[in-house]
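Enquirer: The listed protein sequences derive, respectively, from chains A and B. For the first sequence, this note's numbering begins at 251 and goes up steadily by one. For the second sequence, this note's numbering begins at 24 and goes up steadily by one.
Because the hints were derived from the structure by calculation, they are not lab data. Hints may be right or wrong, so weigh each one.
Stated by the list, open to error - Computed far set for chain A versus chain B, every beta-carbon distance over 12 Å: (1) Q285; (2) E299; (3) Y312; (4) A353.
What the hints assert, rightly or not - Pairwise CB distance ranges (calculated): (5) A:R528 to B:R43: 49 to 57 Å; (6) B:C80 to A:F408: 38 to 46 Å; (7) A:E266 to B:C80: 30 to 38 Å; (8) A:G394 to B:D198: 54 to 62 Å; (9) A:S314 to B:E201: 35 to 43 Å; (10) A:R272 to B:Q196: 18 to 26 Å; (11) B:H110 to A:F408: 27 to 35 Å; (12) A:S456 to B:G178: 47 to 55 Å.
Claimed, not checked - Here are a few chain A residues that sit away from chain B, every Cβ distance over 12 Å (derived from the structure): (13) V264; (14) S286; (15) R360; (16) V485.
Where is the CB? At the ideal position from N, CA and C, for every residue including glycine.
Residue-level listing of the chains:
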Amino acid sequence: MYPSRFSYDAPTTVAEAIDLLRRAGGEAKVLAGGQSLVPMMKLRFASPEMLVDINNIPGLAYHSADPDGTYRIGALCRHEDLEKDAELVTQQPTIAAAAPVIADPIVRTRGTVVGSLCHADPQGDWASVMSALGGSIVAEGPSGRRSIQCAEFVNGPFQNLLEFDELAIEAFVPPPVGARSGGYLKLERRIGDFATVGVAVSVESSGDQVTRAGIGLTGVGPSTICAEAAAELLVGQDLNPETIHRAAELASEISQPRSDHRGSAAYKRHVVATFVTRILSSLELATREAA
Amino acid sequence: MTSLFEVVSEEASADTPIRRLTVTVNGNQHTLDVEPRLLLAHLVRQALGLTGTHVGCDTTNCGACTVLFDGSPVKSCTMFAVQADGHEVTTVEGLASASELDPIQEGFKDEHGLQCGFCTPGMMLSAKALLNENPDPTEDEIRWALSGNLCRCTGYQNIVKAVLRAAAGLRNQEDAGEDETS
Ligand SMILES: Cc1cc2nc3c(=O)[nH]c(=O)nc-3n(C[C@H](O)[C@H](O)[C@H](O)COP(=O)(O)OP(=O)(O)OC[C@H]3O[C@@H](n4cnc5c(N)ncnc54)[C@H](O)[C@@H]3O)c2cc1C
Ligand code: FES
Ligand code: FES
Chain A
251 MYPSRFSYDA PTTVAEAIDL LRRAGGEAKV LAGGQSLVPM MKLRFASPEM
301 LVDINNIPGL AYHSADPDGT YRIGALCRHE DLEKDAELVT QQPTIAAAAP
351 VIADPIVRTR GTVVGSLCHA DPQGDWASVM SALGGSIVAE GPSGRRSIQC
401 AEFVNGPFQN LLEFDELAIE AFVPPPVGAR SGGYLKLERR IGDFATVGVA
451 VSVESSGDQV TRAGIGLTGV GPSTICAEAA AELLVGQDLN PETIHRAAEL
501 ASEISQPRSD HRGSAAYKRH VVATFVTRIL SSLELATREA A
Chain B
24 MTSLFEVVSE EASADTPIRR LTVTVNGNQH TLDVEPRLLL AHLVRQALGL
74 TGTHVGCDTT NCGACTVLFD GSPVKSCTMF AVQADGHEVT TVEGLASASE
124 LDPIQEGFKD EHGLQCGFCT PGMMLSAKAL LNENPDPTED EIRWALSGNL
174 CRCTGYQNIV KAVLRAAAGL RNQEDAGEDE TS
């Protein structure tokens, strides 16, 4: 299968890339890992007149923490880079748990986190993870940079808030209030499948009190769901069987799964509650040990 | 210089965008003019005649088209040839030398790690990347590393055994090498 004809450029600076996008006037697409865009172009679901390949721009493959704890993931950080970082599990446990369960190992060598967020697949895993963590996207265009909250970045299936001449430079997670813990659990029929159910949990805590929390749900609605009420009720509380149970119930209630070949709606709702409980219960131990 | 746009289509015209690329495949450098929409899989198979790289699903699912791109496994049906400009690609033909098989190939041969052989080039290249990083993998680590390569014949048992045997073979080779130098 061949995509329709396009022209191609591989700029070596962000400024050049933005200029190419600007001059193409909305007819160009950014090529990052290509793991979503190339299949779509081959099926002719996408037929851009031009590709701006950002893979030759140096300095975008990073993932690192600022001194204040802000965690930054550059536009060319691949899923695999995160999967292979042994320190990530203490720094960013939710991200560390998600990276190895995205797609399959070969796709993970190319696909990027920022590309996934831009692609805005309603069933993608990173949007739930980043929403739970309160993350943002940094976009750069001809008039400079701006940040957009991940929870607001997607404005429809496969649509995001970027202007045609903006490049997503990085995604970032703000510093935690207190200690950070969390996890991601995904039920999939086989490796490489999208989630039947995915649950991202982020908990920030001081002593045994939760200072901030986020819960994101994958695969159980028309798009990513932020289970805000479930996360809110944990704040100011410690993680005990009662609070965990209530959070799991609320998350399950707000989910809107549909019965399909991956399972019945009731089953998926049950899995949401189970995953929230499992992740939060594993953190309860962490909080107690730290205390 | 080979002109490649006819590989893509017959009706290339003056405004067909053509890019020149230089790529090293199995140690040999090639400079070619191609249309940007030429896939890496087709560059390798049609332009270079290396038909060991198989195209199975053509939709990024099966891993049959796996090649090593600067040492990392990639699905060559999901990359454009122009993206390989300045990079190194290894295909299954790059594993064996003129006189002997790669230990990975020995492993697949000895353990009957293939039936129809369609998935085998991709399997072997994913296995090669794994063993380069982790010379002594567990069975679980092998299954994990190969989980992007589908096989419709073998049931995977012998593939896993083949990689275990290849790993042992490689470690023996290295031990022997060390004995010789010491
Ligand atoms: C077999 C298979 C299984 C998969 N399974 C999963 C899964 O389980 N979970 C999951 O979440 N994903 C899954 N994916 C998708 C995978 O995670 C992709 O890597 C990801 O969706 C896209 O990232 P990319 O870097 O490849 O982006 P590309 O394909 O290069 O781009 C995707 C889109 O985002 C735009 N874009 C990319 N980067 C930027 C940027 N920096 N600025 C502006 N726009 C940009 C592109 O123009 C394009 O429209 C799967 C893919 C495959 C092929
Ligand atoms: S042919 Fe490329 S993944 Fe199947
Ligand atoms: S041997 Fe036939 S597909 Fe694997």
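Enquirer: Please name the hints from earlier in the document that this structure breaks, with their numbers sorted from lowest to highest.
Expert: 1, 2, 4, 6, 10, 14 and 15
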